[in-house]
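S.K.: The primary structure of each chain is shown beneath.
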Amino acid sequence: MPDGLLGIEELDRSQIEAILLRAKHFQPMQSQSLKKLDTLRGKMIVNLFFEASTRTRTSFEIAAKRLGADAVSITASGSSVSKGESLVDTLNTLAAMRPDAIVMRHSASGAPHFLSRHLPTPIINAGDGTHEHPTQALLDARTILDRKGRLAGLRVAIIGDIAHSRVARSNVHLLSKFGAEIVLCGPPSLLPVELANLAPGVNLTNDIRAAIRNADVIMMLRVQLERQHEAAFPASEYFRFYGLQLEHLDLAKPDAIVMHPGPINRGHELSSEVADFQRSVILNQVENGIAVRMAVLEKVIG
Amino acid sequence: MPIVIRNGRVIDPASGTDAVADVLIADGRIAGVAPNLSAPNAEVYDAGGMIVAPGFIDMHVHLREPGFEHAETIESGSRAAAAGGFTSICCMPNTKPVNDSVTVTSYIVERARAKAAVNVFPIGAITKGSAGEEISAIGGMKGEGAVAISDDGQPVMNARVMRRAMEFARSYDLPIIQHCEDLNLSAGGDMHEGANSVRWGLRGIPAASEDVMVSRDLILAQLTGARYHVAHISTANAVSMVAYARRQGLPVTCEVTPHHFALSDEDMGAYDSNYKMKPPLRGTTHREAIVYALARGTITAIATDHAPHAGSDKMQEFERCPFGVIGLETAVAVALEHLVTPGRITLERMVELFTTGPESVMRLGRGTLAVGAPGDVTIFSTDVAWTYDVNQSASRSRNSPFHGRKFRGGPMATVVDGQFRWKR
Chain A
1 MPDGLLGIEE LDRSQIEAIL LRAKHFQPMQ SQSLKKLDTL RGKMIVNLFF EASTRTRTSF
61 EIAAKRLGAD AVSITASGSS VSKGESLVDT LNTLAAMRPD AIVMRHSASG APHFLSRHLP
121 TPIINAGDGT HEHPTQALLD ARTILDRKGR LAGLRVAIIG DIAHSRVARS NVHLLSKFGA
181 EIVLCGPPSL LPVELANLAP GVNLTNDIRA AIRNADVIMM LRVQLERQHE AAFPASEYFR
241 FYGLQLEHLD LAKPDAIVMH PGPINRGHEL SSEVADFQRS VILNQVENGI AVRMAVLEKV
301 IG
Chain B
1 MPIVIRNGRV IDPASGTDAV ADVLIADGRI AGVAPNLSAP NAEVYDAGGM IVAPGFIDMH
61 VHLREPGFEH AETIESGSRA AAAGGFTSIC CMPNTKPVND SVTVTSYIVE RARAKAAVNV
121 FPIGAITKGS AGEEISAIGG MKGEGAVAIS DDGQPVMNAR VMRRAMEFAR SYDLPIIQHC
181 EDLNLSAGGD MHEGANSVRW GLRGIPAASE DVMVSRDLIL AQLTGARYHV AHISTANAVS
241 MVAYARRQGL PVTCEVTPHH FALSDEDMGA YDSNYKMKPP LRGTTHREAI VYALARGTIT
301 AIATDHAPHA GSDKMQEFER CPFGVIGLET AVAVALEHLV TPGRITLERM VELFTTGPES
361 VMRLGRGTLA VGAPGDVTIF STDVAWTYDV NQSASRSRNS PFHGRKFRGG PMATVVDGQF
421 RWKR
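Here the protein sequences come in this chain order: A and B. Our numbering numbers the first residue of the first sequence as 1 and each following residue consecutively. Our numbering numbers the first residue of the second sequence as 1 and each following residue consecutively.
In case anyone wonders, no lab produced these hints; they're calculated from the structure. Be aware that a few hints might be false.
Computed spacing ranges between beta-carbons, pair by pair [claimed, not checked]:
#	chain 1	residue 1	chain 2	residue 2	range
1	A	ASN206	B	ASN184	21 to 29 Å
2	A	ALA235	B	GLU133	28 to 36 Å
3	A	SER189	B	GLU133	27 to 35 Å
4	B	ASN184	A	GLN245	30 to 38 Å
5	A	ALA210	B	THR387	48 to 56 Å
All figures in this text were calculated on a predicted structure; none of them were measured in a lab. Glycine included, every Cβ here is placed at the ideal spot set by N, Cα and C.
Using the sequences provided together with the hints, build the complete structure.
M.R.: Right, here's the structure in full:
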């Protein structure tokens, strides 16, 4: 199996640290006027998105271009997928064009893992179903490190639809490997008890106030209506019980930061005031996304 | 030509026999079980060091014919059965068209007569198209050779329909076999709901989806007096409830598949579709309860639920892959390795689970070495070393979780109606 990046779970600390350190190196150039390197000149990256995505797809594309690579983006609609071709045939066809890596998002958990067993091309997982979203966890870690300087010992509250969140799973694996204390919070129907065994240092609660108390980091998740196959929680009551509001922040550490993987739904999982709150780092996350993905692409292809 | 199987250890639970003896088969029937048998012109098979048993019965297979011949046919599936030591197999009705009519039943019987390597007994659908609504032509199918009714693959969700079906089954004296799954509880699930489904982001099939259906059906079985059989039982609560019903004297039975007593969701590789089946591989506590129920006698049959799927169907995103694994060729070896060798059950008990157990449900007139019985014999070894290579399988499909497994013990030869149909 070629070395791509399928998930955080199978990485060890030193591999993660190397990516985060390299991402730090790429951070300053994001604000320079001349942003292009030639590290990956002549390399070809295919972005294959079977699910709608704006930020992740754009972020990968910009990261590739800033490293001097060529990038082609394909979305599922208009491709052979709509003509009934199987996933493995689609990928084999693309692999025959000899790209140096395939960045892939798919609605099925494990789709990139399945393909990586059959393809010669390294695959970078840009989100698989409700399983993992490794580059999101890496950019979140980079953002936390920028503000807090460490991960060990931090209390991180992740709040929302945990059951359907690949962001939550990847963050749990990463934060746990570095010794953070993780509190997962959501309504019972979106917080299966087995999550407590996902990694060391994970606790569960259905009470948003308990989750936020003394938190260093508050990570809000979008309610993924498209992944819910029944009403897991009355939508009309969600904000009242699980939406983040300004007064909640008094319970957290005074320097606590608020994160969100986007896209945000103001008034749904967080209030508009929280979104614009001075310690909200949502746009820093987006910016770090490029630096982190440059580090990942360089590691996989370089 | 008569057959003499010499010097094997003959285990025949139907008669309580467990002794070294010869078995003589002539004119397609068992002609004697005793030391030093012989017959003029007989074909002699030396079974020294081996076990000689009544022909094994698999009461739950999918042969895919008619309709899905790219995955399996009556011929290929029955050859896999012979290679697995089975002399009789009962095929589920989820073909295309569904076996819900006299026409389809007689087609299967005719095809089996022409092509099958072992005895094939069709199971008719409970409802038309197995859609769970209208009762199918049960009496007519029985007349053509159907030995049971089931909508396997689909549970009968409507309790009123199930009640009526049980009443019909009772009046035709047929067992009714249920695939126990509450579809509302299991909806969209791909594997057992537990630590691994949560870890891998796969939707879970809770054990409760099986328990709820078993409990409902046991109450209906009590109401109707039907001979009710739980297919591929997989949960701790389900076996407890079946045990309770049996203690109450209800004519209730259940079967287990080799993969459910041998494997748990912890043995499954991430997103490996050769471990995807219904019911799913459960957690270890469920598996332990299953093995205990096998030893205690609550579970009275081992059935493979042999479910062939073409390679391309299993080469997809995990959630798109169909449910089911093949199992005819590995069942005996898996039972020896996981039940007999570790001392969980005796060898005689294992033979019961493959012979008198399923026979008592399906009433095929087989599963015994009594003189005059059909000449079906399974010869197996408890120490032959072999490796299962699914690419050499007689089945048309390759979806086995046991590919590459090194076994100790397995089938050696299969005799059907007085003829060798397979030899290792």
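S.K.: Each of the hints needs a verdict: does it hold here or not?
M.R.: Here is how each hint holds up against the structure:
In this structure the supplied range 21 to 29 Å holds for ASN206/A paired with ASN184/B, their Cβ-Cβ distance being about 24 Å. Between ALA235/A and GLU133/B the C-beta distance comes to about 34 Å, which sits within the given range of 28 to 36 Å. For the hinted restraint 27 to 35 Å between SER189/A and GLU133/B, the CB-CB distance of approximately 31 Å keeps it satisfied. Take ASN184/B and GLN245/A: their Cβ atoms lie about 35 Å apart, and the range 30 to 38 Å holds.
ALA210/A and THR387/B have their C-beta atoms about 55 Å apart, which keeps the hinted 48 to 56 Å range intact.
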